[in-house]
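Protein chains: 2
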Amino acid sequence: MLALVPAAPAAAQAAAPHHTHHLMPVPVSLQWGTGRLRIDSTFTVAVRPQGDGRLVRAVARMTRRLEARLGVPLAKDLASDRARATLVVEADGPGQAVQTPAEDESYTLEVGATRAVLRAPTAVGALRGLETLLQLLDGDRAGFYLPTVVIRDAPRFPWRGILIDVGRHFQPIGVILRNLDAMAAVKLNVLHWHLSEDQGFRVESRRFPRLHETGSDGLYYTQDQIREVVAYARDRGIRVVPEFDMPGHSTAWFVGYPEHASAPGPYQVERRFGVFDPTFDPTREETYRFIERFIGEMAALFPDPYWHVGGDENSGVQWNESPSIRAFKAQRGIGSNEALQTYFNQRLVPILQKYRKRMVGWDEILQPGLPTTSVIQSWQGRASLDSAARRGYASILSSGYYLDHLRTAEYHYAVDPLPASSALSTEEAARVLGGEACIWGEHVGPETIDSRIWPRAAAIAERFWSPREVTDVADMYRRLAVVSAQLEESGVRHASHTDRMLRRLTGGEDIGPLAALLEVAQPVYFGERGQIQRTTQLTPLTRLVDAARPDPATRFRIGAMVDAFLTDPLHAEYRDDLARLFSWWRDLAPRIEALAGALPLAADAGPAAQALAELGAAGLEALAYLGGGVAPPEGWQARVTPLLERAERPLGLLRLPFAPALRRLVIAAGGTPARPTSP
Amino acid sequence: MLALVPAAPAAAQAAAPHHTHHLMPVPVSLQWGTGRLRIDSTFTVAVRPQGDGRLVRAVARMTRRLEARLGVPLAKDLASDRARATLVVEADGPGQAVQTPAEDESYTLEVGATRAVLRAPTAVGALRGLETLLQLLDGDRAGFYLPTVVIRDAPRFPWRGILIDVGRHFQPIGVILRNLDAMAAVKLNVLHWHLSEDQGFRVESRRFPRLHETGSDGLYYTQDQIREVVAYARDRGIRVVPEFDMPGHSTAWFVGYPEHASAPGPYQVERRFGVFDPTFDPTREETYRFIERFIGEMAALFPDPYWHVGGDENSGVQWNESPSIRAFKAQRGIGSNEALQTYFNQRLVPILQKYRKRMVGWDEILQPGLPTTSVIQSWQGRASLDSAARRGYASILSSGYYLDHLRTAEYHYAVDPLPASSALSTEEAARVLGGEACIWGEHVGPETIDSRIWPRAAAIAERFWSPREVTDVADMYRRLAVVSAQLEESGVRHASHTDRMLRRLTGGEDIGPLAALLEVAQPVYFGERGQIQRTTQLTPLTRLVDAARPDPATRFRIGAMVDAFLTDPLHAEYRDDLARLFSWWRDLAPRIEALAGALPLAADAGPAAQALAELGAAGLEALAYLGGGVAPPEGWQARVTPLLERAERPLGLLRLPFAPALRRLVIAAGGTPARPTSP
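Chains V and Y, in that order, give the protein sequences. Take 1 as the starting number for the first sequence in my numbering and just add one per residue. Take 1001 as the starting number for the second sequence in my numbering and just add one per residue.
If you're looking for bench data, these hints aren't it; they were derived computationally from the structure. Heads up, the beta-carbon is just placed ideally off N, CA and C, and yes, glycines get one too.
With a Cα cut of at most 20 Å, we get these calculated DMTMM-like pairs of lysine to aspartate or glutamate:
1. Y/K1076 <-> V/E442
2. Y/K1076 <-> V/E213
3. V/K76 <-> Y/E1213
4. V/K76 <-> Y/D1217
5. Y/K1076 <-> V/D217
6. V/K76 <-> Y/E1442
7. Y/K1354 <-> Y/E1285
Quick list of simulated restraints, FRET-style, between CB atoms:
8. Y/R1580 <-> V/S583: 17 to 25 Å
9. V/K76 <-> Y/E1528: 22 to 30 Å
10. Y/R1227 <-> V/P350: 39 to 47 Å
11. Y/Q1353 <-> V/P446: 44 to 52 Å
12. V/K76 <-> Y/E1285: 35 to 43 Å
13. Y/R1210 <-> V/I173: 27 to 35 Å
Whenever a hint applies, use it, and build me the whole structure from the sequences.
Written out as structure tokens, the structure is:
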């Protein structure tokens, strides 16, 4: 099926830069030469200083990846003779003992015709440059090579993260480790680890063992595993910022320790999704003693100087209903639950300071009285980000970067923490530290998470690293296809995801028709799925919707094909490509519908298959009218308009995200009035 | 491509039993009913005894797998009311404290129209029955169901294993764990863990830390990991038999402890493959003290009552060259190196007895004087297996089950540890405990191992479990396709293997042409690859040959298509199917050759693509002659014979295993004389 959709329509090719490359994120500065540095079995690396264990390990990993790509063994040992090494890696220093946003991640990479030199002020900068080097590798009939080039590079933002929610669905350590490797490949530098939720508490606590024993269904990280993840991340220049969400989103804490909630309990691990009432009691000193002892234990596991307290979506119900909490508010003149939460946060600050942690929290903590040492993470919109920056708070943007909402890479790519239109002063703008993509866990299990993060997160990583002006969507998708394939080196399974799940779902039968459907269909958006399927933590994530991928690669390609055709409707090649595709859809639908009838887990396929057939037929008609230069017959518009409208809504648990492109085609054929449709 | 090859040609379908099922291994006795036990969200399980942790955990795992297949949540807790449970699981006892080949693995499973009852003498038997139950699950338009049936089942052989060689290439613990799950799914019960080799020593030793520190390149299992694997295996009714190969295949030991070798050293980890000279010195008492302390440490990690000492391929060179060893032999009247090795083994026996271990070793240890408590594992042929059984030794067959040789499932399936033709007496035959499939590590890395074990090992598992009479190859392949898809539940990656490696190899380009090639091509056999590529431990396993799979599913299908056509050459459907396939190959070749020219790692594809095009053209010609009833023209035979002969030899690092089927077709068309060709 994918073979029916050309990778690079002429329109997109024309937009590509003169010297095409596959770097993602795009570096600050690139000066291409005309030569090629051949890379073969004679490749060697010299490192300075040789005593930097992190740098030496990173070079060893790079060399193993390189030899896997070359298919020939490379020297296991570092070269002692710098003058003869193919690659010289020089770091001026090891980097910070505990990495912070102030870490210097810059590097320069000079590839000449006989050798390459990578220089950086820190080992972390050198790590970033090694990833660039691997992305530069190319091949021709004579073998592999690096194009000669001089690259000067540094990140635009110092805080470039992914939040992984392991509370709603646990993610085994293997999932975390392989995603750290994938993050490093696109120069992300923060794992924001959302470790507690209403639906689960995920860290072993030796001081308060009922936290993990009763709050996790047995699905938690041991302290050894936490240390392993932190060390593994540090080796890749990635900070680990833990989040223990409080005072709300905390039901799982109270299963074992109900005395710290604002109502008596008992509590059970929450299975539903949403905003729930269990909330820490901010009026009792025992609460703070508990939190202090807990943070004291955890601070020894998480060396990062930042500590995320959550603070979002406190329903206020328990606080409103508790006579003692109402009395506490009245006594202290605390006029609102927001003010009471600020009191709670003010109590947390000295505890965090004791363990040398700065507080990070969601928008909601931004209330009068919050210490300006706190960092605001905005999930509600850029307005609160800007507001925080104006009021003196460092801030991070996550609004617009919710990967679990299943929007397109293009959509996220357009969101900028500091757009050109920003009204912030230079000083205020400097407080915007960067952003984090978020993968919340409602509909994401260990089997599906990679496909919900990658490759889209690579486009967000570029937004955080590359100059603001890097915005060419067609070029982004061109490079994303290459980087997506390379990311499999790290073990992430996004690319094999759909076929793997379809094989199980079809029980060994031919997966062809369903695979073809999922080349163009994607899951419904986050909120739609919850509404339609009434999902809970216990819902198995093994249906057709889970096998589908967000923003399938064909969506953008079909759009580009349609636009290329509309630019030149008499160009036979464009028309033939589209006609083949539309015929294929029309013929495919009965085979999909047969499977949907026979396989309960694929029952969702029916409506989408029907719509695919209808769109294929409408598309063929539109091509005929446009190519033939004749107007469509009376009544065509009235017939196809409802088909198009239906195709842009949920079809079972699927969506057809290319439908707006079909609408453009039909509009051009004169069949239906325009309306806003961009996905 | 696969879609071009019908899954079940009429010929194969006709051979299938009346009531088709997907059970593998086939049970001893099946009595089908006519009803269906509906399985939906109301499914519950009752277990007796409830205190058997292993049984309860197995039921919980089964329930999670079941709900993933159903797509709906099932009760997390066991039913307290047996009368109302959908499934009742009853074990008469927990099974042996340490599982041995004497473990009773039998079970009966009765599925009625309203409930199912699984009964077994032991928890291990119940585990086997739970896997059968999951394989019985089927679906129709009304949802999921179990067909009503009464199954009585027990294994034919008590020792049904897989040897995994982690010495030549290390396999991370995740690989081992997921393969244990896959083994359990097809009722295998022994992991033979080949833990030391010339190329690596893979276990942490606290008594002799230089073993893993200097002998493993840092790639070894910690003792915690060993314990985790042993416990994980036990939970699945799988024994773990460790092998520490001695006196030969032991170079890696001597890197840290050269004083125990028969020549002074120093030693380095061996990178080449083959038989090497470093050998334990059997003449020094220090050697036995070292081995005793080592086994004492390891015996605490491996509770199994069997201990594999290896004993294979002792080159004898060091023993011949050492004056002190020659003197020792002369002094004691030891006339040969074989006799000296028996002396060595005799010294090991009391050490093993001290730790309550029975010795297992390869054929070579079967020498006069070997205690009959030893178990012989035959890799050299059934003759030595029979010889061992006649001489009173328990024995296991591995000859014919070398998965790393990359033969067909059909080939292994035909090998029987006790064929009908066996001349062993009943008493002797009882000493044949079973067999082990072996995956030796020369050409097998963590990324490729699953594809080299699965699904073929499932066919071998059936040989070890099912009655001797279960030998229908077509039916085996029919069921293997289903079981192969189900095995992905355990996380093994055999099915996603080829596409995943091709994506990286092609760097994000369309993998279609190469994927189509690898639907019909497979790697050259084990010995051929070593000869052609001169592989070492350092050779990256990332080329096209590594992306290819042994015994691709199309091989048998194409053979069946050809045979169906030859039975009835005027049947238009058969001819059309074959003609489509042959045309596709002919048209595909130029696209593959273009990629082979551009991608260094796919350079191997060229000769195979060329042969594919030639075979496609020859096949089309044969179809025309056969269907048209006219004789081929003069000279056709002389032209196609060399093409067919070339296609049955290595083409680069690939083979076209369907070529013999093409030869049958061409012979029938009158073009070329017969010769033996079965793969």
